[in-house]
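Protein chains in written order, with the working numbering: chain E, 1 to 290; chain W, 1 to 402; chain V, 1 to 510.
Hints are not guaranteed to be accurate.
[What the hints assert, rightly or not] Below are the SDA-like pairs computed for lysine to any residue, each with C-alpha atoms no more than 25 Å apart in a straight line:
| # | chain 1 | residue 1 | chain 2 | residue 2 |
| --- | --- | --- | --- | --- |
| 1 | V | Lys147 | W | Ala154 |
| 2 | W | Lys368 | E | Tyr284 |
| 3 | W | Lys293 | E | Gly205 |
| 4 | V | Lys147 | W | Lys368 |
| 5 | V | Lys164 | W | Glu277 |
| 6 | W | Lys303 | V | Tyr311 |
| 7 | W | Lys303 | V | Asp222 |
| 8 | W | Lys371 | E | Ala39 |
| 9 | W | Lys303 | V | Lys147 |
| 10 | E | Lys286 | V | Lys160 |
| 11 | V | Lys306 | W | Val312 |
| 12 | V | Lys160 | W | Ile295 |
| 13 | V | Lys162 | W | Glu304 |
| 14 | W | Lys303 | E | Gln232 |
| 15 | W | Lys303 | V | Glu149 |
| 16 | V | Lys162 | W | Arg274 |
| 17 | W | Lys368 | E | Asn118 |
| 18 | W | Lys368 | E | Ala39 |
| 19 | W | Lys368 | E | Ile116 |
| 20 | W | Lys371 | E | Leu263 |
| 21 | V | Lys160 | W | Arg274 |
| 22 | V | Lys164 | W | Met298 |
| 23 | V | Lys164 | W | Lys368 |
| 24 | V | Lys164 | W | Ile295 |
| 25 | E | Lys235 | V | Asn457 |
| 26 | W | Lys368 | E | Ile75 |
| 27 | V | Lys160 | W | Met298 |
| 28 | E | Lys37 | W | Met298 |
| 29 | W | Lys303 | V | Glu174 |
| 30 | E | Lys57 | W | Glu277 |
[As the list claims (entries may be wrong)] Example chain E residues on the side facing chain W (calculated, C-beta under 8 Å, incomplete):
| # | residue |
| --- | --- |
| 31 | Val29 |
| 32 | Gln32 |
| 33 | Asp142 |
| 34 | Gly160 |
| 35 | Tyr161 |
| 36 | Arg184 |
| 37 | Asp185 |
| 38 | Ser243 |
| 39 | Ala244 |
| 40 | Ser248 |
In case anyone wonders, no lab produced these hints; they're calculated from the structure.
Cβ atoms here follow ideal geometry from the backbone N, Cα and C, with glycine treated the same way.
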Amino acid sequence: MSPDSATIRRVPTGPARRGPIGAEPARKVAGQPGTDKGAVSHEGTQARIDAGGVYYKTLNEQIREEMLNGAQTVILENVNGQRYIGGGLSGEDVRVVINGVPGNDLATFMTGPTLIVNENAQDGVANTMNSGLVVINGDAGDVLGYGMRGGRLYVRGDVGYRVGIHMKAYEDQRPAMVIGGKARDFFGEYMAGGELVLLGLGSDGEDIVGSYLGTGMHGGVIFVRGEVAEHQLGKEVSIAPLSAAEQSRVEELVRDFAGWMGLDAEEILERRFIKIFPYTHRPYGKLYAY
Amino acid sequence: MIDRPARKYGGLTLPGTRIPDVGRRPSYTVEAEEGILGNCGLMGVCDEAGERMSGELAVRSMASMHDRGNGLGGGFAGYGIYPEHPDHYAFHMMYADEDARQDTEFYLARQFAIDHEEPIPTRAVRGIQDEPLLHRYFCRVDAERLQETQLSEADYVVHAFMDINSGIDGAFVASAGRNMGAFKGVGFPEEIGEFYRLDEYAGWTWTGHGRFPTNTPGWWGGAHPFCLLDYSIVHNGEISSYGINKRYLESHGYQLTLRTDTEVVTYLFDLMLRRHELPVEIACRALAAPFWKDIDLMAADDKEFYTALRTVYGPGLLNGPFAVVLGMADGMVALNDRIKLRPLVAARDGNRVYVASEESAIREICPKPEKSWMPRAGEPVIARLRGAAFGAAPQSVPAEVN
Amino acid sequence: MAEVTFTRPEFRVRIDKELCQQCGRCAHQCGWGVHKMDEETGYPVPDSSKCGACHRCVTFCPAQAILVEKNPLAYKGSDSFSPELRKAVWRQAETGGVLLAGMGNDKPYLRIFDHLLLDACQVTNPSIDPLREPMELRTFLGRKPDKVEVEYVPDGDGVKPKLKTEMDRLLQIETPIVFGGMSYGSVSLNVHRSLAMAAKELGTLMNTGEGGLHADLQPYQDNIVVQCASGRFGVHADYLNAGCAVEIKIGQGAKPGIGGHLPGEKINEEVSVTRMIPQGTDALSPAPHHDIYSIEDLRQLIYALKEATGYKPVSVKIAAVHNVAAIASGVVRAGADIVYLDGFRGGTGAAPTVIRDHVGIPIELAISVVDQRLRDEGIRNRASVIAAGGIRSSADVAKAIALGADACAIGSALLVALGCHLCQKCHTGSCSWGICTQKPELTRRLDPEWGAERIVNLVTAWSHEIAEILGALGVNAVESLRGSHERLRSLGLDQQTQEILGVKPAGIGH
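Let the sequences and hints guide you as you build the complete structure.
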């Protein structure tokens, strides 16, 4: 039997209260759901939104609204932790510039736009991205480019675990990712298509990449600038030198990356790249009995 | 009026009484939930110089991860918050009803010298309802009683903690550490922080948590942090090895009453740090052990050490996705699982070390840290209060955060 | 009447003359002489009374002309006095003998493993893909200290942790499956060779059984546990040091409390040298060790063996009997590093049928009560528990581990991999598959390389399956399943059995 509220209040030791139960909401702090929009200013085809304290849902609505109204570039100021920025967004000639740390699932399901992050990014960038470009001028987290089917993701710094997991290619769509710094374990796990390039800039003698590199990989290719030890490899992949065609493809990607990052491509290309590739498309052929 | 028969708790007999019938609230101990699950958010901040920060900081950081929880549990632990009672065990109690309170007070009065007691101050907040009776007691261990039991002071307090949680119906110890306290309940973290008036406290370490329980309604006792002595744990993820971790702890005399995996994390830390006197960075290597593949690549003496650690503490290996933040009297440790299935980001700015599930939760309270990084799987982030002996580790052990 | 037997053949062997090529291979292959070639007709004439349905002839008949079927001969029905029991009475009335049987208890007792179900992760914690993510089955057997003590030593500019605790020697195995003891003498040398090669390749352990270690197997000593049983066959200081651990065999699940009797016919020259007994004499194993009449005597022998071997781990093998929990506790306190529990379905080369079929308890219960007892006493870390006796599949291994075993030992499954068809005629010494025999014309049928490959295949496949189970459970190391009753549920077991097992019924959550 549950007591009614009158009974509850007869309990003599309740703390001192200001007013009846549940009178006032908690003070407003960033991150709580809310419909307050960020302030917007316009300059030609450019819109600038102050995202400080704006709930992600409202912010993403504002971005879409500005684009519908003809904005080609949307600049977001004071972003911090808002999820799904660029999520499901489409359009070839539009650009979103993000000042601050965007939340998880940046550019999820995105088709076409260019997103530029001038800080670190969190987990799940370019999740199932279809096409477009994401440039991150900092580090990024775990599980980047999960199931990414097309487009490019450039990260200036280090990335976490399971980056490029299950990236795939489809018809003329071929996703590419260039990571400027180091990557942790399970880089290219389950990879089914596309290209991962790992530069290891600023690694200072640390391992460029963790263990289980390319584990479960059955398509696509990983290019690593530097050396990888045998024990770091997944059991489905091998190391090989680059063909001339592959070398020129790497050069093309690195030049594009370096252009966006303001780095010297030729200096980066001075070091030798190796190729990590799946040596069989059916690595588990002998695993099962019938 | 209700007649209450004589009852026994932990070797104490309580005489029968007649008490007024004030109705009962839901029990806060019997109604144990079916595991803590899901996509929670957590944070921690520690000022290594011991400078105290407002609890509002932790509340704001957690609020920025509002969507990682579902409003069914939020909580915080603060260290250094009771400068007026620094050496007292601060029992933060939750009571289902007056009976539970009477029994607990009788028990505490027999076991401890209570120098101060009061209701835990709260303010009314929309969204927070059906809270239990919240009371705190600042207790000293009576030297004579301690001598009788032949227990260490820490074990004595642990016994009291376990006696109340497993023996007194409707009573739950949220925390019982020195110069620290847990503030938790059912609600979003920012509501809980507001409810407990955390902006009025200052501490050198704060941890925070927002829960997303998936299969049971949240209950106040089940919110994080989980505490024992000075340890507090906030935890994101699920411990898939719960079954064996629990049996391992039971064979070391722990009574696990809550059926939650966070309870095992708390007790495993207690076992390894306090009872086995392992340095905290070594305890972390036992809880999130390196893989055999990596141990095989080590130099002979390291291989020997890590092989011993894994074989001895195999039943304590925390398996499955997790990120935890352990608050301690003299610092803070964050750790995640050995294949990094739950997120964790760390940052340092001056004397302050920050950890959180999302970098934005750190940026919310420290917009431009000197350094931020993603800890490796199984590699602890350790913040030590300067001058504090941390576990048994010598001071020359480099902290991961340097 | 004297020569008349009432027991009719269990099987009927038929030759399809339309298919038969009269090649005589069946007659050559059968170790028991079922098939005799009829010189006149050129067809084999089977004597069904000798057939054990081992399928050797069926396997090697090029024309697939042989059919072995159950003898459909009707007996007057009785659920109480079954035809099996009637046959036993007739056999004993004819001979006055104790009935012998090979392999394990085949009676339809409740198979608890088949009433236990494993858990899996859904949504709230991820399952793990064992093919692409690390999945650790490595196991260490032996005595572990209560805790690890650390000291810090200089390392470059800083310090690093170093082990301060002195560790007992542990046995490292790469999968929680070891091989049970099967003696040279009861099985052929080629079986031993197959087991040793496979154990080395798999990174696990074979066990000599009580018949000594043939000199040819010296190179495999890191993967061999040498057994010291009541007969002390071939036991000398070199032998004890020829393995990585020593096992004291107190009892065997198939015949707890019973000794052994390897007939003189099986003691050929090689067996004689290995066992260090004269050729042709019976090899008798006393029922108890006559230097162990009580637990303190066991301690004395354990430490004698440790002294003789430079403190290698000592395993004590006991049959699962009613008081197994208390016995195991005593064994651990006596200093054993490993307690090897053999359940009542364990196999044997020969045992009195009445003992094989009616003595002991199921291994599932033994694991659970021993594990719980050792935990209650706070000594679970002092010894590893190996479970054996009725482990038939990787699922059984996983369930045994969840109940609390550190590893499982398999024996019958290994022999089945080598061709054994469980015909249960091991005690005749004429095994057509060349497994349980010393006749050179039969033993040469088993090529050790081929045998090793089959065992490696089997254990590798089971290990993959265990990895799949762990992955589904969302853990990536076997120690996280070990003793985790929480990951098991029972289906159709009575409440008391559930309580003994410490397992909740299916349908109950956490």
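Taking the hints in turn, this is what the structure says about them:
{"no.": "1", "hint": "V:Lys147 with W:Ala154", "verdict": "holds, 19 Å"}
{"no.": "2", "hint": "W:Lys368 with E:Tyr284", "verdict": "violated, 48 Å"}
{"no.": "3", "hint": "W:Lys293 with E:Gly205", "verdict": "holds, 21 Å"}
{"no.": "4", "hint": "V:Lys147 with W:Lys368", "verdict": "violated, 43 Å"}
{"no.": "5", "hint": "V:Lys164 with W:Glu277", "verdict": "holds, 13 Å"}
{"no.": "6", "hint": "W:Lys303 with V:Tyr311", "verdict": "holds, 21 Å"}
{"no.": "7", "hint": "W:Lys303 with V:Asp222", "verdict": "holds, 19 Å"}
{"no.": "8", "hint": "W:Lys371 with E:Ala39", "verdict": "violated, 30 Å"}
{"no.": "9", "hint": "W:Lys303 with V:Lys147", "verdict": "holds, 17 Å"}
{"no.": "10", "hint": "E:Lys286 with V:Lys160", "verdict": "violated, 44 Å"}
{"no.": "11", "hint": "V:Lys306 with W:Val312", "verdict": "holds, 22 Å"}
{"no.": "12", "hint": "V:Lys160 with W:Ile295", "verdict": "holds, 15 Å"}
{"no.": "13", "hint": "V:Lys162 with W:Glu304", "verdict": "holds, 8 Å"}
{"no.": "14", "hint": "W:Lys303 with E:Gln232", "verdict": "holds, 18 Å"}
{"no.": "15", "hint": "W:Lys303 with V:Glu149", "verdict": "holds, 15 Å"}
{"no.": "16", "hint": "V:Lys162 with W:Arg274", "verdict": "holds, 19 Å"}
{"no.": "17", "hint": "W:Lys368 with E:Asn118", "verdict": "holds, 13 Å"}
{"no.": "18", "hint": "W:Lys368 with E:Ala39", "verdict": "holds, 23 Å"}
{"no.": "19", "hint": "W:Lys368 with E:Ile116", "verdict": "holds, 19 Å"}
{"no.": "20", "hint": "W:Lys371 with E:Leu263", "verdict": "holds, 22 Å"}
{"no.": "21", "hint": "V:Lys160 with W:Arg274", "verdict": "holds, 21 Å"}
{"no.": "22", "hint": "V:Lys164 with W:Met298", "verdict": "holds, 18 Å"}
{"no.": "23", "hint": "V:Lys164 with W:Lys368", "verdict": "violated, 43 Å"}
{"no.": "24", "hint": "V:Lys164 with W:Ile295", "verdict": "holds, 18 Å"}
{"no.": "25", "hint": "E:Lys235 with V:Asn457", "verdict": "holds, 19 Å"}
{"no.": "26", "hint": "W:Lys368 with E:Ile75", "verdict": "holds, 20 Å"}
{"no.": "27", "hint": "V:Lys160 with W:Met298", "verdict": "holds, 13 Å"}
{"no.": "28", "hint": "E:Lys37 with W:Met298", "verdict": "violated, 55 Å"}
{"no.": "29", "hint": "W:Lys303 with V:Glu174", "verdict": "holds, 16 Å"}
{"no.": "30", "hint": "E:Lys57 with W:Glu277", "verdict": "violated, 49 Å"}
{"no.": "31", "hint": "Val29", "verdict": "holds, 4 Å"}
{"no.": "32", "hint": "Gln32", "verdict": "holds, 5 Å"}
{"no.": "33", "hint": "Asp142", "verdict": "holds, 6 Å"}
{"no.": "34", "hint": "Gly160", "verdict": "holds, 5 Å"}
{"no.": "35", "hint": "Tyr161", "verdict": "holds, 4 Å"}
{"no.": "36", "hint": "Arg184", "verdict": "holds, 7 Å"}
{"no.": "37", "hint": "Asp185", "verdict": "holds, 7 Å"}
{"no.": "38", "hint": "Ser243", "verdict": "violated, 31 Å"}
{"no.": "39", "hint": "Ala244", "verdict": "violated, 35 Å"}
{"no.": "40", "hint": "Ser248", "verdict": "violated, 33 Å"}
The structure fails to meet hints 2, 4, 8, 10, 23, 28, 30, 38, 39 and 40 from the earlier list, while all remaining hints are met.
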